[in-house]
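Chains A and B, in that order, give the protein sequences.
Reminder that position 174 of the first sequence reads as 174 in my numbering, one-by-one numbering, no gaps.
Reminder that position 266 of the second sequence reads as 266 in my numbering, one-by-one numbering, no gaps.
Worth double-checking, as some hints may not be accurate.
[What the hints assert, rightly or not] Capping the alpha-carbon separation at 25 Å, the derived lysine-lysine pairs in PhoX-like fashion look like this:
{"no.": "1", "chain 1": "A", "residue 1": "K182", "chain 2": "B", "residue 2": "K213"}
{"no.": "2", "chain 1": "A", "residue 1": "K211", "chain 2": "B", "residue 2": "K99"}
{"no.": "3", "chain 1": "A", "residue 1": "K99", "chain 2": "B", "residue 2": "K213"}
[What the hints assert, rightly or not] If you only want the chain B side, here are some residues facing chain A, beta carbon under 10 Å, derived:
{"no.": "4", "residue": "P55"}
{"no.": "5", "residue": "S57"}
{"no.": "6", "residue": "F72"}
{"no.": "7", "residue": "P107"}
{"no.": "8", "residue": "P110"}
{"no.": "9", "residue": "I144"}
{"no.": "10", "residue": "M161"}
{"no.": "11", "residue": "F204"}
{"no.": "12", "residue": "N208"}
Because the hints were derived from the structure by calculation, they are not lab data.
Since the structure is predicted, the reported quantities are computational estimates derived from the model, not experimental observations.
The C-beta atom is built at its ideal place from N, Cα and C for all residues, glycine as well.
Chain by chain, the residues:
There are 2 protein chains.
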Amino acid sequence: MNTTVAMNITKSEKSRISEIDFNNLAFGSVFTDHMFFCDYVDGAWQQPQIAPYGPISIDPSAKVFHYGQAVFEGMKAFKDDEGATWLFRPEENWERINKSSDRLAIPEFPKEYFFDGLKTLLHLDNEWIKSGDGNSLYIRPFVIATQSGVSASPSDRYRFMIICAPAQAYYSGEVSVLFAEKYSRAADGGVGFAKAAGNYASQFYPTNLAKEKGYQQIVWTDASTHEYLEEAGTMNVFFRVGNTLLTAPNNDRILDGITRKSIIQLAKDAGIDVQVRRVSVSEIVTAATSGELKEIFGAGTAAVVVPFKSFGYQEKDYDLPSIEDSYASKFKKALKDIQYNRASDPHGWRYEVK
Amino acid sequence: MNTTVAMNITKSEKSRISEIDFNNLAFGSVFTDHMFFCDYVDGAWQQPQIAPYGPISIDPSAKVFHYGQAVFEGMKAFKDDEGATWLFRPEENWERINKSSDRLAIPEFPKEYFFDGLKTLLHLDNEWIKSGDGNSLYIRPFVIATQSGVSASPSDRYRFMIICAPAQAYYSGEVSVLFAEKYSRAADGGVGFAKAAGNYASQFYPTNLAKEKGYQQIVWTDASTHEYLEEAGTMNVFFRVGNTLLTAPNNDRILDGITRKSIIQLAKDAGIDVQVRRVSVSEIVTAATSGELKEIFGAGTAAVVVPFKSFGYQEKDYDLPSIEDSYASKFKKALKDIQYNRASDPHGWRYEVK
Ligand SMILES: Cc1ncc(COP(=O)(O)O)c(C=O)c1O
Ligand SMILES: Cc1ncc(COP(=O)(O)O)c(C=O)c1O
C-alpha cells in the first residue's frame, strides 16, 4: 500500500465478518470492522486515526445536533474476479465533499488524508468487499460539527469520518414516482447542490405522503414555479423522449451527481443526442400522452440506474412503456462493466486501491 | 412540585455551580448539572430520564449525522425578586417543536412528558437560575434521530433531550444587517417554518460573507424574487415606517416566532397600527431615503429585541436614526416586565414553575 500520512491505527481484536450474512444485507445497516476519523481542532486537522467500528462519545450540545452542520459523500468499492479492489471516480467525491463543506462553512479536508485514510481502511477491511456482480462496499465519508455550545454560529471543531457497509445489488422493485407540486427540496441560493445533511430529512415527510399514495419516490421540481423537473431524493433523473436523452442542468439546487455526469459522457460516446437543459413538466406530460416518452430513470451511486415504471402528476398516472434495449439497461451495464473492471476504461474513471 | 410522569432520576454527585462565573457567560456555552432525555424505541416514547449533564454515546451511522433529522426549541426561565421561577408561553414551544417534528417526520413528544421533564429539571437545577434583570436560564429542548444505518429514510429511533445554559443579558453591540440578494434561507414548500437543524447551518456561509463586509446578520428575502423581507437568522424582523409597524406574515418559509406574536399583541394593546403583510425591499429603501423609516428591529427569545443600526442593500448602506421612545425599547421593556413578573400579565403569558 502506498500511503504517506501518519495514522494512529487500533485494530479490532476479532473480526465480526463471520457473523454477517452477505446474501441478506439491508442497505447501509451493517458496518465493517473499522472506521476512519480525524478531528479538526485549533484550526487544523489533527493526526488521522483508525479504530474498531463503534459508538462515539459526543456532547449533547454539539452543533451537529442543533444546527445540522454536517455533510457527507457516498461512494463504492468493487472487487474484480482477480481480487483487485476498485473505486469509481473517487477524486470527484473528494472534490464534492469539500464543495459541500465550503457551503456549510466547514473546513476542507486534505486530499492525502482522504485518500490515505480510504486506502488504509479498505486494506484493513478488504475481506468485507465481495466479488460478484452487484456486490460492493458502500463507503460513507462524512463530517460533523462537534463543538459544544448552542449558539447558532459555525463550529470550531469537526470530526471527519469514513464508515463502510457491504452492499448487494440494489433491487428497489418497481418504482413509481410523483412529480412534486407543492413541497420542495431546495431553494435558489440555498444548499441543494451540496450533500448537506439537512437536505435529506426535509424530504422524509413529503416522501411519506407520496408513499401513502402508492409512489416510491418524488421527483422534485423547482421551488419557485414547480414547472421544471430537477432530481429525485438521492438520484439525478434522465428522460428519454424519442431517442433524445434529457436531464436538468446543474444549478445551486441540484446535486452534481457523478453517475449523472458519467451517463452524459457514455451517451455522447454512444452518439446519443443528450441535451442538458431545463426539462419542463408539461413537455414530459405531453410526450407521455403522445407516446414519445420512452423512459425515465434515476442515476446515483447506491442504485446505479433505476428505471421508473410510471409517474404521477396532478392526480393522474402516466405509465411508461417497457422497452427492449432501454437506455437505462445500456448505461447500467456500461457503468458496471467499468466499475467491476470487465471493460476498457477510456476516460480513466477506475481507480485501483493498492 | 406537581408532576405525574414517572421518571428515572440520577442526581449529579457534586454541583459544578461554584466553578461558574455568572458575570462572564458566553451565550449557550456552560450547561447546568443535569439533562433530561427520553428515547423513542419500538414506536413509543420510553420512560423519561434525568442524569448528570455529560456526553452521550451514539453510533457514527446515526441518522442525525447523515440526514439532519433533528429539530429544536429555545425558551427561557426567569427568576423574580421573590425567588419564584417563570417561563414565557411554554405551551407555544411545545406546540412548535411538534410542528417542526411533523415536518421532519419525527414523532410528536407528549405534553406531560415535556412539562414534567422541564419542571423536574428546573427544580433540580434551580440554583442555576439567577434573579436580576437580564439574567435567565436558556432552555434547549431538541430531538435527534438515533437509528443506526445510512439509508436515507426516517429513523425508527429518536432521543428527545432538554439541556439548559445560564444566560446574561444579550449585548450584541451595534447590529448592521444585510438584505439578502443572492443566497436564501428557505424554499416555498420547504422547512423554513420549522426549527429544523439544517436551516441554521445553511446560513453560516452567507453570514460569514456578510460579516467580512462588516454586517453582523442577514435579513433573508424570499428565495424566488428576493423582493420581500422575511426574517433574520434567529429573529423575526419588524419595520417602523412613520408610526406604523410592519412585519412579514407567517408562511412555510418563516418561523412563527413567539416574541414576534407577543410584540404584535403588545402593539395592538398600545393602539399602534401594526400591519402583518409582505414588506418589500423597495418600500423600505424608499422609506429610508425619505426619512420615514424610523426603526428596524429583530425579535427572538435569545436577544428579546435587537434594534438595528443600519442596513445594506445593493452595495449601499442606509443608516437608521437613533430615536427616543423607540418601539424597540418599549416592547423590550414590556416583554421583560412580564417575563420577570414585574408587571401585570393580561394575556396569561407567564407560567410559574412550581
Ligand atoms: C440529492 C442527490 N442527487 C443525486 C445523487 C446521485 O449522485 P451520485 O451519482 O454522485 O451518487 C445523490 C447521491 O448520491 C443525491 O444525494
Ligand atoms: C429562524 C428564527 N426566526 C425567529 C426566531 C424567534 O422565535 P422566538 O421568538 O420564538 O424565539 C427564531 C428563534 O428563536 C428562529 O430560529
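Check your understanding: Does B:F72 meet its interface restraint, that is, does its C-beta lie within less than 10 Å of any C-beta in chain A?
Key -> 5 Å, holds
Point to revise | Hint consistency between A:K211 and B:K99 [alpha-carbon to alpha-carbon, up to 25 Å] | key: The hint holds at about 21 Å.
Point to revise | Distance restraint between A:K99 and B:K213, which requires alpha-carbon spacing of 25 Å or less | key: 22 Å, holds
**Study point:** Restraint check, 10 Å cut-off on beta carbons, for B:P110 near chain A
**Key:** Hint violated; B:P110 Cβ to chain A Cβ min 20 Å, cut 10 Å.
Practice item. Verify the proposed pairing of A:K182 with B:K213, using a straight-line Cα cut of 25 Å. Key: 36 Å, violated
Exercise for review: Please verify that hint: B:I144, Cβ, nearest Cβ of chain A, below 10 Å or not.
Suggested key: 5 Å, holds
Check your understanding: Taking 10 Å as the limit, does the beta-carbon of B:N208 come near enough to a beta-carbon in chain A?
Key -> Given a least distance of 6 Å, the restraint on B:N208 holds.
Check your understanding: Is the shortest C-beta separation between B:P107 and chain A less than 10 Å?
Key -> Violated, because the Cβ-Cβ distance from B:P107 to chain A comes to roughly 12 Å (cut-off 10 Å).
Review point. For the hint on B:F204, does the least C-beta distance to chain A fall short of 10 Å?
Key: 4 Å, holds
**Study point:** Per-residue hint verdict: B:S57, partner chain A, C-beta under 10 Å
**Key:** Since the shortest Cβ distance to chain A is 4 Å, the answer is holds.
Exercise for review: Mind checking the CB of B:P55 against every CB in chain A and telling me if the closest is under 10 Å?
Suggested key: 4 Å, holds
Practice item. Verify the interface restraint on B:M161: the C-beta must sit less than 10 Å from at least one C-beta of chain A. Key: Holds, because the Cβ-Cβ distance from B:M161 to chain A comes to roughly 6 Å (cut-off 10 Å).
When the structure is compared with the earlier hints, violations turn up for hints 1, 7, 8 and for no others.
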